[in-house]
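*Asks:* Assembly of the complex is requested from the two constituent chains, each provided in isolation within its own frame, with the hints serving as guidance.
Chains E and P, in that order, are what the protein sequence lines are.
Just so it is clear: in the first sequence, position 29 is 25 by my numbering, and no numbers are missing.
For any residue, its number in my numbering is found by taking its place in the second sequence, counting from 1, and adding 173.
Read the hints as simulated data drawn from the structure, not as lab findings.
Small disclaimer: the values here were computed from a predicted structure and weren't measured.
List of simulated lysine-lysine pairs, PhoX-like, C-alpha gap at most 25 Å: (1) E/Lys64 x E/Lys96; (2) E/Lys52 x E/Lys101; (3) P/Lys243 x E/Lys96; (4) E/Lys96 x E/Lys67; (5) E/Lys38 x P/Lys182; (6) E/Lys52 x E/Lys64; (7) E/Lys67 x E/Lys52; (8) P/Lys230 x P/Lys243; (9) P/Lys243 x P/Lys182; (10) P/Lys182 x E/Lys101; (11) P/Lys244 x P/Lys230; (12) E/Lys101 x E/Lys67; (13) E/Lys101 x P/Lys230; (14) E/Lys96 x P/Lys230; (15) P/Lys244 x E/Lys96; (16) E/Lys101 x E/Lys64; (17) E/Lys38 x E/Lys96; (18) P/Lys182 x P/Lys244.
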Amino acid sequence: GESVGLHLPTLSVQEGDNSIINCAYSNSASDYFIWYKQESGKGPQFIIDIRSNMDKRQGQRVTVLLNKTVKHLSLQIAATQPGDSAVYFCAENETGANSKLTFGKGITLSVRP
Amino acid sequence: NAGVTQTPKFRVLKTGQSMTLLCAQDMNHEYMYWYRQDPGMGLRLIHYSVGEGTTAKGEVPDGYNVSRLKKQNFLLGLESAAPSQTSVYFCASSLYSGRGTDTQYFGPGTRLTVL
Chain E
-3 GESVGLHLPT LSVQEGDNSI INCAYSNSAS DYFIWYKQES GKGPQFIIDI RSNMDKRQGQ
57 RVTVLLNKTV KHLSLQIAAT QPGDSAVYFC AENETGANSK LTFGKGITLS VRP
Chain P
174 NAGVTQTPKF RVLKTGQSMT LLCAQDMNHE YMYWYRQDPG MGLRLIHYSV GEGTTAKGEV
234 PDGYNVSRLK KQNFLLGLES AAPSQTSVYF CASSLYSGRG TDTQYFGPGT RLTVL
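Next up, chain P with everything else stripped away, as it sits in the complex (with noise of 0.2 Å):
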């Protein structure tokens, strides 16, 4: 198994241009997430989904949209990227929720620089 991939490991952008981030995983997984890192703030939540066809906003929704068409594809989008949006983008998933006991498998991450 590949695990949770991600594409692409690098961006730069010019400030408002848009992107989609592309995650994928073949764990059968019921739950994806992205994340955001800075440095000085750890992992922050950006959006979620407990499922095919459903989303939800994490801690720091504003500036992004997801979708989850496909179980094992959770696309993270930036409509109009901002400086503000420069940082580092992990995706996780995990295979259920509900008991609050689901590690988090993560992605190597994307690397986005907003000019």
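Just chain E, same shape as in the assembly (with noise of 0.2 Å):
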């Protein structure tokens, strides 16, 4: 069936780097995406969303890319800080599907000192 999954389950980076967290999706139909961070005992939270008609979404300190043709998703974060350290799930939605998200399985993000 369709899915959303992740690369890798964990990160490791330098504080101050750039993370770069990616997610391959295998729904054609998608054309909704969302990034979700996840704190220890804490629901997910949006951090940015990007629509298939775009390749490119910019946030604060975030960055979505969209690659439609291998059906990949990437979420780039800039000067990594210790608060970013958190599970991230991407999440895709087809139109139509009364808005049904599907999540991939999520991936540590840790940030060393």
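*Replies:* Below is the structure:
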């Protein structure tokens, strides 16, 4: 079936470096993508989203890139800080699917001081 | 705005007991969702609602029931709890659907243990 997955279960980066978290999706009809951040003991928190008519979107210190040709999504975090340590989820949605999101399993970002 | 709130935060049940988890949102969102999160499984949709008085099954609905009597509240019920229902439960809401571009906002979660 269709699924959203992440390549790596954990990512360790040095404080101050840039982080890149990757996500592959398999539903070619997906047209909306979201990145969530989940800190320990808390619910997922919206970071940034992108629609399929775009290939790049920037937020504060974060950038999401979408490559529809290879069905790949990435989240770039600039100047990674200790507060960025969390689990990150990508999610995808297909228009008409009642806004039901399909989530990846999550990747843990660990920031080394 | 409080956003999405969940009650209770923690609960321990014995097998066969029943309970109801309450989700409330003050953002006037039409859509509400219940997920469970298990290690290595990500978030899985249990049930969802597209408006007051309506509910629909998600990916893993068995053993759960829901009700949406008021727009701001979405209740998740376990009639006869089983150890397999030990999980962290998250409620979410979104403003509107049909366009497939509406962000879901999540509550803080309820950690449920069934012994």
